[in-house]
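Kindly generate the complete structure, drawing on both the sequences and the hints.
Single-letter residue listing:
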Amino acid sequence: MFEIVESRPLGPDVKRIVVRAPRVARKQLPGQFVIVRVHDRGERIPLTICDSDGGAGTITLIVQGIGKTTRLINALEAGQGLLDVVGPLGNPSEIRVHGRVVVVAGGVGVAIALPTARALKDAGNHVDAILGARAKDLVILEAELRAASHTCIVTTDDGSHGRRGLVVDPLREFLRTGPPMDLVLAIGPIPMMRSVAEATREAAIPTVVSLNSIMVDGTGMCGGCRVVVGDQARFACVDGPEFDAHQVDFGVLAQRNAMYRDAERVALERFREHPERDLERVPRPLDSEPCRLAQRHPEWNLAAGDRTSAESSHPDAILRDPTT
Amino acid sequence: MTNPLKPKERAKIPRQEMPAESADLRRSGFCEVNLGLTPLQAHTEASRCIECAHPKCVEGCPVGVKVREFAQLVQEGDFAAAAAKIREDNVLPAVTGRVCPQEHQCEGACILGKKLAPLGIGYLERFVADYERNAGHVSLPARAPATGKRVAVVGSGPAGLSAAGDLTLKGHDVTVFEALHEPGGVLMYGIPEFRLPKEIVRSEIDNLRRMGIVFETNIVIGKTITIDELLGEEAFDAVFVATGAGLPKFLGVPGEHLVGVYSANEFLTRVNLMNAARFPEFDEPVYACRDRIAAVIGGGNTALDSVRTALRLGARRTLVIYRRTEKEMPARLEEVGHAKEEGVEFLTLATPIAFLGDEAGRLRAARCRRMGLGDPDATGRRSPVPIEGSEFDVPMDVAIIALGTGANPLIQRSTPNLDTDRRGYIAADPETLRTSRPGVFAGGDIVTGSATVILAMGAGRRAAASIDAFLRNVPSRSEQAVAAANPGS
Ligand SMILES: Cc1cc2nc3c(=O)[nH]c(=O)nc-3n(C[C@H](O)[C@H](O)[C@H](O)COP(=O)(O)OP(=O)(O)OC[C@H]3O[C@@H](n4cnc5c(N)ncnc54)[C@H](O)[C@@H]3O)c2cc1C
Ligand SMILES: Cc1cc2nc3c(=O)[nH]c(=O)nc-3n(C[C@H](O)[C@H](O)[C@H](O)COP(=O)(O)OP(=O)(O)OC[C@H]3O[C@@H](n4cnc5c(N)ncnc54)[C@H](O)[C@@H]3O)c2cc1C
Ligand code: FES
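In order, the protein sequences belong to chains A and B.
Taken in order, the first sequence gives residues 3 to 326; the numbers are from the numbering used here.
Taken in order, the second sequence gives residues 14 to 502; the numbers are from the numbering used here.
Note that these hints are calculated values from the structure, not bench results.
We put the CB at the ideal spot given by N, CA and C, even for glycine.
Among the clues, some could well be false.
Label pairs and their computed distance ranges (CB to CB) [what the hints assert, rightly or not]: (1) B:443 to A:278: 52 to 60 Å; (2) B:159 to A:256: 53 to 61 Å; (3) B:435 to A:263: 38 to 46 Å; (4) A:275 to B:329: 29 to 37 Å; (5) B:303 to A:251: 28 to 36 Å; (6) B:41 to A:263: 23 to 31 Å.
Printed below as a string of structure tokens:
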């Protein structure tokens, strides 16, 4: 069990949660993600690690509630937990000095782009950020992205905040007028990433996208996350999630991501009608095994005390003991 | 000699038939197919053993289970003792009794099989293991005094589990690290419920927990913790890598990314580990098979497990597409028979050369090519040769690629100086299972490529023996600390 130590809304249907996961926190690098399962009947979904604190043993996730599992996560409060968190998975972003880097982030993509933008800036790049959303109240993490860049332009589809238009509009201006760009990093909805890739293709500006294909294990075992890059099948979880935008077949990605549309609708409907069915399965810290690493670090102060994992995770193992 | 029957009388007893759920009932659910022998049947079957002085069956078993002795105990009616006898060599009898390819191993070697049907060794093994579990009297072997040495086992498939079991008995402190959220490896995520009920795997793992083994799930070695860290700050004295061959192979033909095309690993993981058959009670979905056509590409156990799973998810037509003939299929014979009873169709000497989809990217058909059989290849099986111009389309909505698996490179890439072979499997000595890194051992599918449960368990056993020998020659951490504190003493 991985305890949620903080949970706070960032915008409509978007939350920032801080989770105690010491082993992941120690290792995380920008661009990496975890796979999370909320309860014993839950699905496994990937979420980018937005930030981590090795000392406190926590990671920060930013979750946009779009379907059943993300909405369930966003319904949780501090003190509750996630049954499984595994990571850090995926390749870290390549952090080096490129020169001028433009980070284009749309929707919840800003959560994924933020740690990489920050690391690129810290490495000595000049970072220009473009942050887009449909409307003002959907703009999240603006202050954080401003802090992680030298300049930051906000666009909204309806002009309710920043400039009216799409994120590629300022990018096209950069292409026409600005100093040359050495790298474009685009993270967001598939149509957005596709249009950024098209915009930078002709000028052959190195462009990287982070792909959000459907995942199960996140370790290269199932192949469900495969994407077509340069006519080759690649596994987003172990070969990515970042790829050369100009090589990616976004059409295939969009089709594959729609694979479970019907089931997703059913699951969300069911959750809306009976949230309690899921909420009562959500683990609480006292229910389950403490992390062994945490046992050696009392400062992490786990609520679960010092029971061994053998006892606590399988209560019925004791019941079945023939000697009792 | 305890068998009261004369050899002639024994020869007259027919091999007992495994009672099975009716094919009709099977099609609509995930209940186990084989129901297990009755005690009377088990006794009768065991009486067929002619108790050879040099039992070939024992030689035929990769871990040398003492078949003659345990069959004798069954015949005497001491089922618990029979189970304990098997456990001396095999820690997962309820599993191997169900999934071993007995026809190529113990039963293949049985002398009875020369003229009559071989002894039903797998059935008997399963019977006594189930008896023991149901009676609630699994007698766990005694543990040697604690050695103070710590071993990390990476991967909780049969190789990892058997090594962990043996190492614990030898007194070492064992932690098993597993990437997924539940231990068991292929036994948990690959082999379906109808062939190997998950409850059995869980109960075997509980037995290991009771022996003192600690399981740490959700830890990907190479990502969450590296091998170097296990041997360093995590303070393990030795590591056994048993990560299996989990990398799915694809055909590499056009259209393989279409919606509806799965690797067998993904399809089976969704249904077995994630319980997708019970969606929406469980959250993980699987692409709809109900009233549709599902085909599997391949002819091994994985292929048959996949196609029979699709059938149980409600597919109206199910096919196995295999490039050689049924004779060359690597699947267990029994599974082929069961699949046929259930109505699975076999399209042999054919292979897909492309998958065709609609405008939404959904699979509609596979374009297949007919194959002929040429000369025998390295495995002794005649190799398939494509027949040009023989293309034909097979309509289907779901295609499951079950062409075997390769080595997942995660650990190899994150561990400096760990040698691999040309295909990316970890190089390890076949006897000592030592790798190029001192203190790091490897075995099971990650060394041999996809093999069998029993071979993986055999590797685990050999690894345990070799690691035990290795640990005897290294001072434990606490001894090292004392030595460092008192230099020169
Ligand atoms: C590497 C990676 C990092 C991600 N990081 C974040 C993040 O930091 N914050 C965030 O809010 N979202 C992130 N996502 C997306 C997030 O995983 C999905 O929104 C989530 O899985 C949706 O699940 P659901 O049940 O709420 O919605 P559903 O209704 O089940 O699905 C909605 C859509 O999400 C996608 N999806 C569904 N299941 C999965 C799955 N198992 N794996 C991946 N995608 C799936 C599909 O495209 C689907 O159409 C990331 C995805 C990937 C691949
Ligand atoms: C569908 C299917 C059906 C089969 N049917 C049969 C059968 O009927 N009879 C038979 O004898 N054999 C059968 N086999 C083959 C048999 O299951 C395997 O040969 C055997 O399981 C190999 O055991 P293993 O311990 O080497 O690896 P696995 O069982 O593959 O276990 C490896 C474990 O390591 C974990 N792991 C991997 N990487 C890491 C990492 N980096 N960190 C932590 N953990 C990791 C994996 O998640 C997995 O749990 C079948 C295989 C499949 C896929
Ligand atoms: S998620 Fe299974 S291989 Fe990538």
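Hints and how they fare:
1. For the pair residue 443 of chain B and residue 278 of chain A, the beta carbons lie near 56 Å from each other, so the given range of 52 to 60 Å is met.
2. The hint said 53 to 61 Å for the Cβ distance between residue 159 of chain B and residue 256 of chain A, and at roughly 57 Å that hint holds.
3. Checked against the given bound of 38 to 46 Å, the beta carbons of residue 435 of chain B and residue 263 of chain A, roughly 43 Å apart, stay inside it.
4. Look at residue 275 of chain A against residue 329 of chain B: about 31 Å separates their beta carbons, and that is inside 29 to 37 Å.
5. Checking the proposed 28 to 36 Å range against residue 303 of chain B and residue 251 of chain A shows it holds: the Cβ atoms sit about 30 Å from each other.
6. A hinted range of 23 to 31 Å for the beta carbons of residue 41 of chain B and residue 263 of chain A is consistent with their spacing of about 26 Å.
Figure legend: structure checked against the earlier numbered hints; every hint is met.
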